[in-house]
Each structure stands twice: as C-alpha cells, then as structure tokens.
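Start from chain A and add chain B according to the hints.
Chain order of the listed sequences is A and B. By our numbering, the letter at position 49 of the first sequence is numbered 49, and the numbering carries on one by one without gaps. By our numbering, the letter at position 178 of the second sequence is numbered 178, and the numbering carries on one by one without gaps.
In case anyone wonders, no lab produced these hints; they're calculated from the structure. Certain hints may be false.
To be verified - Partner residues aside, some chain B positions facing chain A, computed with beta carbon under 7 Å:
1) V72
2) Q122
3) E234
4) Q235
5) S267
6) C281
7) A340
Unchecked claim - Within a straight-line C-alpha distance of at most 20 Å, the following computed DMTMM-like cross-link-like pairs (lysine to aspartate or glutamate) qualify:
8) B:K277 - A:E115
9) A:K93 - A:E68
10) B:K339 - A:E23
11) A:K277 - B:E50
12) B:K339 - A:D137
13) A:K277 - B:E114
14) A:K277 - A:E305
In this text, all values refer to a predicted model and were calculated from it rather than measured experimentally. Using N, Cα and C, we set each Cβ at its ideal position, and we do this for glycine too.
Chain by chain, the residues run as shown.
Protein chains: 2
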Amino acid sequence: MNPEISRLSNGLTIISDPMPGLESAAIGVWVNTGARNETPSQMGVSHMLEHMAFKGTATRSARAISEEIEAVGGVLNAYTSREQTAFHARILKADVPLALALLGDILVNPAFAEEEIARERQVVLQEIGQARDTPDDIIFDHLQAAIYPDQPMGWPILGEEKTVSSFSREMLRAYMASNYRAGGVTLVASGAVMHDQLVALAERAFADFAPGTASAPLPALYSGGDARFVEDLEQAHIAFAFPGLSNSDPDYYVGQLYTAALGGGMSSRLFQEAREKRGLCYSIYAFTSGFQDNGFLSVYVGTGEAEAAEIAAVVAGEMEAMAGNLSEAELARARAQLKASLLMGLERPAGRMEQIAGQLFALGRVQPPSEIIAQLDAIDLGAVKRYAGRVVETGKSAIAAIGPIARLENHERFARRFGGGDMPQAAE
Amino acid sequence: MNPEISRLSNGLTIISDPMPGLESAAIGVWVNTGARNETPSQMGVSHMLEHMAFKGTATRSARAISEEIEAVGGVLNAYTSREQTAFHARILKADVPLALALLGDILVNPAFAEEEIARERQVVLQEIGQARDTPDDIIFDHLQAAIYPDQPMGWPILGEEKTVSSFSREMLRAYMASNYRAGGVTLVASGAVMHDQLVALAERAFADFAPGTASAPLPALYSGGDARFVEDLEQAHIAFAFPGLSNSDPDYYVGQLYTAALGGGMSSRLFQEAREKRGLCYSIYAFTSGFQDNGFLSVYVGTGEAEAAEIAAVVAGEMEAMAGNLSEAELARARAQLKASLLMGLERPAGRMEQIAGQLFALGRVQPPSEIIAQLDAIDLGAVKRYAGRVVETGKSAIAAIGPIARLENHERFARRFGGGDMPQAAE
Numbered sequence: 001m002n003p004e005i006s007r008l009s010n011g012l013t014i015i016s017d018p019m020p021g022l023e024s025a026a027i028g029v030w031v032n033t034g035a036r037n038e039t040p041s042q043m044g045v046s047h048m049l050e051h052m053a054f055k056g057t058a059t060r061s062a063r064a065i066s067e068e069i070e071a072v073g074g075v076l077n078a079y080t081s082r083e084q085t086a087f088h089a090r091i092l093k094a095d096v097p098l099a100l101a102l103l104g105d106i107l108v109n110p111a112f113a114e115e116e117i118a119r120e121r122q123v124v125l126q127e128i129g130q131a132r133d134t135p136d137d138i139i140f141d142h143l144q145a146a147i148y149p150d151q152p153m154g155w156p157i158l159g160e161e162k163t164v165s166s167f168s169r170e171m172l173r174a175y176m177a178s179n180y181r182a183g184g185v186t187l188v189a190s191g192a193v194m195h196d197q198l199v200a201l202a203e204r205a206f207a208d209f210a211p212g213t214a215s216a217p218l219p220a221l222y223s224g225g226d227a228r229f230v231e232d233l234e235q236a237h238i239a240f241a242f243p244g245l246s247n248s249d250p251d252y253y254v255g256q257l258y259t260a261a262l263g264g265g266m267s268s269r270l271f272q273e274a275r276e277k278r279g280l281c282y283s284i285y286a287f288t289s290g291f292q293d294n295g296f297l298s299v300y301v302g303t304g305e306a307e308a309a310e311i312a313a314v315v316a317g318e319m320e321a322m323a324g325n326l327s328e329a330e331l332a333r334a335r336a337q338l339k340a341s342l343l344m345g346l347e348r349p350a351g352r353m354e355q356i357a358g359q360l361f362a363l364g365r366v367q368p369p370s371e372i373i374a375q376l377d378a379i380d381l382g383a384v385k386r387y388a389g390r391v392v393e394t395g396k397s398a399i400a401a402i403g404p405i406a407r408l409e410n411h412e413r414f415a416r417r418f419g420g421g422d423m424p425q426a427a428e
Numbered sequence: 001m002n003p004e005i006s007r008l009s010n011g012l013t014i015i016s017d018p019m020p021g022l023e024s025a026a027i028g029v030w031v032n033t034g035a036r037n038e039t040p041s042q043m044g045v046s047h048m049l050e051h052m053a054f055k056g057t058a059t060r061s062a063r064a065i066s067e068e069i070e071a072v073g074g075v076l077n078a079y080t081s082r083e084q085t086a087f088h089a090r091i092l093k094a095d096v097p098l099a100l101a102l103l104g105d106i107l108v109n110p111a112f113a114e115e116e117i118a119r120e121r122q123v124v125l126q127e128i129g130q131a132r133d134t135p136d137d138i139i140f141d142h143l144q145a146a147i148y149p150d151q152p153m154g155w156p157i158l159g160e161e162k163t164v165s166s167f168s169r170e171m172l173r174a175y176m177a178s179n180y181r182a183g184g185v186t187l188v189a190s191g192a193v194m195h196d197q198l199v200a201l202a203e204r205a206f207a208d209f210a211p212g213t214a215s216a217p218l219p220a221l222y223s224g225g226d227a228r229f230v231e232d233l234e235q236a237h238i239a240f241a242f243p244g245l246s247n248s249d250p251d252y253y254v255g256q257l258y259t260a261a262l263g264g265g266m267s268s269r270l271f272q273e274a275r276e277k278r279g280l281c282y283s284i285y286a287f288t289s290g291f292q293d294n295g296f297l298s299v300y301v302g303t304g305e306a307e308a309a310e311i312a313a314v315v316a317g318e319m320e321a322m323a324g325n326l327s328e329a330e331l332a333r334a335r336a337q338l339k340a341s342l343l344m345g346l347e348r349p350a351g352r353m354e355q356i357a358g359q360l361f362a363l364g365r366v367q368p369p370s371e372i373i374a375q376l377d378a379i380d381l382g383a384v385k386r387y388a389g390r391v392v393e394t395g396k397s398a399i400a401a402i403g404p405i406a407r408l409e410n411h412e413r414f415a416r417r418f419g420g421g422d423m424p425q426a427a428e
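In isolation and in its complexed conformation, chain A is listed as follows (with noise of 0.2 Å):
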C-alpha cells in the first residue's frame, strides 16, 4: 500500500491509493457529521441530508444522478454513522473523472426542492419502519439508547417520525451550512486511480465546498443501562454492553484481539459455550463500536423464549472467566484472524478505502498494514487478560432485549454477576 495525500486550499484532504492491475477502482467522500452532531431538534437531520443528496443539485434532477452514473454500470451509494456522512461509487477505471463530479456536484450544489423534501421525508418514514421490522437491526439502536442516555450519542441515526416529519428546507440548508466544512472532509479512492489525476478532478469538483470546520460535538458519556420490549417475536434478542475503547485508543488492538477471542467466530468463547455446547442459538457474536473519544463492546445472541433464562449467564460466565484463563492458543487464533482479514480486506477496493477513512478519522493518518501486524505482534497474553478483568469491573454494563424476554434475568442480577463474586457464576 502506497498512499499520496493532499489537501485542497479548502482544507479537504484527499487520499489516493492505487492498485496495480486493477480495472475498478472505488471512491468515497467522508463527512464527519453524523448522528451525534444533532441537537434534539435536528434528530435524524445528517441522515436526511445522505438521503437528499441523491435529489437534485441546481444542474441535475435527482433521475438524472442515477441516470448518469448507471448508464456506466456504477453504483452510487451512502450511508449515515454516528459520526460520519459518506458518499460513495463504484466505478469502471475510465469513469473515475464522472464519479468525481457526481460526488462534488451532489455535495456542493444540492437543490434541496421543497416537493423533494416532502416525498422523501416520507420514505425515510418507511426507511424507519423497515429498520423497526428487524428485530436484530433495531436492538442496536435501543443498545445505544440504553449505553448513552439524553445525549445524541444515543439517537436513532434514522431520527423518529416527529422530527423527520418537521424537516425543513431551511433547516437543511442550516444544518449543511455549519458541518458539511471541507477541514472535516476526506475523499478516499482505492484501485485503479493515480494521484495526480484524482486531485486534478476534486479541485474543480469540490472547489466551492465551503472551507472552515464544524464544531467538535459534546463529549460522549458511557452511562450503561437497561431496555426491555417485549413483543410477540419468536425469538428473544438481545444485546449486552461494556465499556469499550475509543478508535484512536492505544488499546485499540488489544480490545480487538479480546473480542474476536471473546467472540468473533465458530472457535471463540461464546460460539463454543453457547451454540456449541448448549446449543442456546443460532447467532452468538461480539463485536466493537468505537467512536472518536469513547467506544463500547457488545455481544449480540438471538435465542428461544426458554433459552433466554440461561442466555446472561453464559454470556457472564465467559467474560468474567477471560481475565484468569485465557490461553496462548486463543490468543493466536484471534492475532491470525484480524490479519488474516487484513490481508484479505487489501485485496477489496472498497475495503481498502473504507480502511484508510477510518484510519485518517481515527488517527489523522493513514497507517501502513505493517504497522498493525506488528501491533498485533507485540500484544502479549498478558496485556489481553488485563483489559479482560477491566472490561468486566467497571459494573458498567448496559443490557437492551426485544422478543419473548420474560425469562431473561432483570439487570441488577446480571451486573451482580461481574467482580463481586458473592453471586453464583455458573449456568442456573
């Protein structure tokens, strides 16, 4: 990997990242406002802005974006975080010069027309019921409901029905006029690019984006917590939290290192104990949410209503046993996972460009794949076992459930199972 950055005298910086032999190559532009950027009024705000993006600019309907850019196979996309916007395309070599001046012309000069406010207020309206349809979707949302309490942190991305129903082409304009600033955007593009040409196109693309950056957002605060809904599903879905690490945290792989032990696949922890042995559920994962100055660990299970009484305890019993007898071979296994998809995410375009805006947000700065594998090198089990025993003593722990959950235990009980050691670990 060979990466070239500039920066344009807007401050929007530009990332190239081409690959030999490759005829496609993909582009994205980063945002970084996101969900967390919204006061209470603005709920939903940055996503309905992603999705407006796509209506119209003062030169192009919004039939006539699709249009273009499928008329040479690309595909155009975006998608909204807590964080960031991004906007991307998939595209053919010889049409890397299009995609560019599709994403500038759609992120400089929306039309925001009153009529196409209106209907797609209305499908994000729907985009919303789908989301609430997905029982193993929506349960991330109630998770970060319940983690981060009366912060924005803690808002539904898509926003709810009041406040997508009040949006305006006012508040649009205002809410684009103080994040979208170029010093807090990052156009990435991996395959088949070269450097010279990519800048050469983003300076007349994106040389009207306004200059200047947004205003940090408020400090998130890790609270932990509860939510339960009970509804008529077949299976109970749950989720369960603790305190994670920021994306930029020097931790960082070795909470990436615990949570693919913990679990991350068919030999992990919780795969092994729950489906494997008890055969509780189908889907048993951990993963990582991290964000600029705090993050979370999360482990999702999907189970029967009888299951459910049995579901925290195992879930428990593997962490708060991690810190004393994690073994050598586990730690392997997991180093040679995360750089083995490492290996294999550099071979993917797409999976290099999303790499480097991660990194660049992160970090503010693209870090080379030795890098990492001689982080994941140097992490001994040691180190792993000690963020074990402080993932579970914070007594920080944040639980939300959807299903037939009746039988799952009341949280107190679950926190009590962590540190103390004066309540039964085992399976009841």
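Same frame as chain A, now just chain B:
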C-alpha cells in the same frame, strides 16, 4: 480468466482459477443436492447435513475443525439452496492445503455423533425462529411456497419444527449416501492457487468420496398463487412473482437485462416510480431466481399500511408498460450495469468462485467473461421488449405478503391488471 478443469476417478470435478498477484484464495465445494431433493419427511435435511459437516469427523471434533481453520485466520462457512449445498473457505495462500484437507474430511468422514445431532437440532430450530423474525427474509419462503405448492421446490430450506426434530443419525446417513455422490460434486478454487497442487490435494482429500450420481429431482412446476399473513408489523412486506427462466435458458441474459431495467438500480422503473416519484417505500427491487429446469422473476417491496393500497397497481403498471415503451437508453444502462458488475466481480476471489460454480451447474462448462459480454452486446431492444411481453402474458402471477396488508388488493384483481386491457392500469 484461465480456468483449468480436471476430474478425479470417482467423478468429482475440480476447477482452478488462478489470479496472479493475489495472496489469498477462495475454495468451495458444491454438492448438487438441496431442498428440492427432499421428500416430505426429509424437509430440511440438506440444510441439517450442511450444519452437521461442522460437528465432527472420524478424527476431528467440532471444536478442532473450527480451531484449525481459525488458527490460520481462515474462515470456513457453508450454505444450502434449493438445488445445492456449498462448503467454502477463505484462506491465505499458504493455507490452501489445510483448507482442502478440512473440506475433504468434513464431507467424507462426518461422525454424526448422536449428542451432536441432538444439539444441532436445537440450533436449527433457533435459526428457523430467527428467519421468522425477519419479514424481508421469510417473505421469500412464503413466495416460494405460493409459486410451487405441494412440491419440494416450494418447501423451506431450513425445514419445519416437526421434520427437524425428527432427524436421526440413520436418516442423515441415508440421505447423504443417496445424494452426496462425486459425480454431482464440484470443487472450485479462485485466487492464489495452482492447478496441479489443487488436484493433488483434492485427490488425497476426496479419494473416498462416494462415486456415482444422485437421482435427479422431480421437475418443478411453476403454479402461482397467493399467500398472505396479517401480522402486527410496521410495514407491509410484499413479494410479487412471475414465471421466469431456468439458469440454462438461451434467453438468460435477456431476462437479466429486463430485470435490471425493471428494478435493478436507482434509475430503474420501479425505484423511480414507487420511491422517487411517489415516496411509497424505502426498498423496492426486482430479481430473478433460476433453477435447472425452471425459474421466476420477483419484485419485493416494503411499504406502509396505507401505501399498500397503491403499490400493486404501480408494479403492474410498470411491468405492463415495458413491452411497449422500454427505451434504448434504459437497455444501455441495464447492459452497462451487468457488464460492470461482471468485471468488478472478476476482481474478487469469492466472486469468481461463485460465478464459476454457478456456470458449471447451469451449463456444464465455464463461460469466459468475453462470451457473456458478447451475449449482452448482441441482445437488442426488440428482444427485451418481447420478453417483457412474455413475462406478463402468462397470467400466472404469485403474491406473498406479511404485515398490515388489509388494503393490498386481492390476487384476482392484481392478475386482471395484465394483458386483458379491460381493467384500469393506472394507480387509483
């Protein structure tokens, strides 16, 4: 692409597809048996066998299988479809021999220990629960049942509580003995692989795979019909279907171009009319399901309770109109999308492996990308318009719907929107 093909003496086919410069490989084994090969009491047994492959062999425990592959950072996974069961691995170059050894062992020497079968039945029951909690997943099981009533092609791949609970060791062994025959098995490897090495490794790993060929499944009969389930959901999840093409049909790519123009991207007719113009939905798309002797075309939409009253007329209106007014520009976009998707897929080992396996199953040979491009270029507007007419003239539509669907028009009324001309075609 320069694939090489060999056959083992037991009839098993081996295809290698080297990709210069890659450091990883995708390797998969496709067994030509799936849900449509099952009798009523066997419903779900193909999928259960897929699970049991990971539950231990004569010399490896379930835990050992997962630990061996993950110790090198590899990923081993599997899936079951109506016609095939696939087992595949993603590994780094050096671990190709390990992947072959594991794939061979789990397919040739499964242990089927009684206690593992008992536990795995519980896991599959959880998987069934998870599918039922995901309306935009389970809707396609309902659609399949409506299209192919009272025949294996219409049965759920996962099986049902009653059949899954009945699976015994003897039954698994008997089904495997009949259906896992080397003449219907293909090993495909793309990426950092060499043909001679692959054949040598496969000879060792699959030497004891039973020779011969399984009996062919009964022909599938597209019937059409209606399946509706009123449920307390946010959205009405609706899938419409029409007779389509088998995977070996000479008009296969005519069907693909038609489907892309109808509902394949943001510029497609359905997306433009239902989402962009009317704001009725967030998700709407068309896709094809092709089998060896049969196929169908489907449109999925997730929409609101009130909007469900309008959506059927919108879908029917667009489909009815296409035979008359599909444009050269729409065809050109569909062609560009299919070509670019093909070319980008060639850059990913897993994508190439899937494509080669699919071609071998459908056509009995690997189709060079240049041949597909030439086929796409040779299809003119007249051919796609004629096909558009054929889709709607059969009168054999099917509908599956879940959620608040009281206002969705009945099947008879939907069917009358096509061909006759005596019913209003526009939205009401």
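Verification of the hints:
1. V72: Constraint on V72 of chain B satisfied, holds at 6 Å.
2. Q122: 4 Å, holds
3. E234: 4 Å, holds
4. Q235: 4 Å, holds
5. S267: At about 4 Å, which falls below the 7 Å cut-off, the nearest Cβ of chain A leaves the hint on S267 of chain B intact, so it holds.
6. C281: Interface hint status for C281 of chain B: holds (5 Å vs cutoff 7 Å).
7. A340: Result: holds, 3 Å to nearest chain A Cβ.
8. B:K277 - A:E115: Since the Cα atoms of K277 of chain B and E115 of chain A sit roughly 10 Å apart, the hinted pair holds (cutoff 20 Å).
9. A:K93 - A:E68: Holds, at about 16 Å.
10. B:K339 - A:E23: 13 Å, holds
11. A:K277 - B:E50: 18 Å, holds
12. B:K339 - A:D137: 33 Å, violated
13. A:K277 - B:E114: 13 Å, holds
14. A:K277 - A:E305: 18 Å, holds
Violation of the numbered hints given earlier is confined to hint 12; every other hint is satisfied by the structure.
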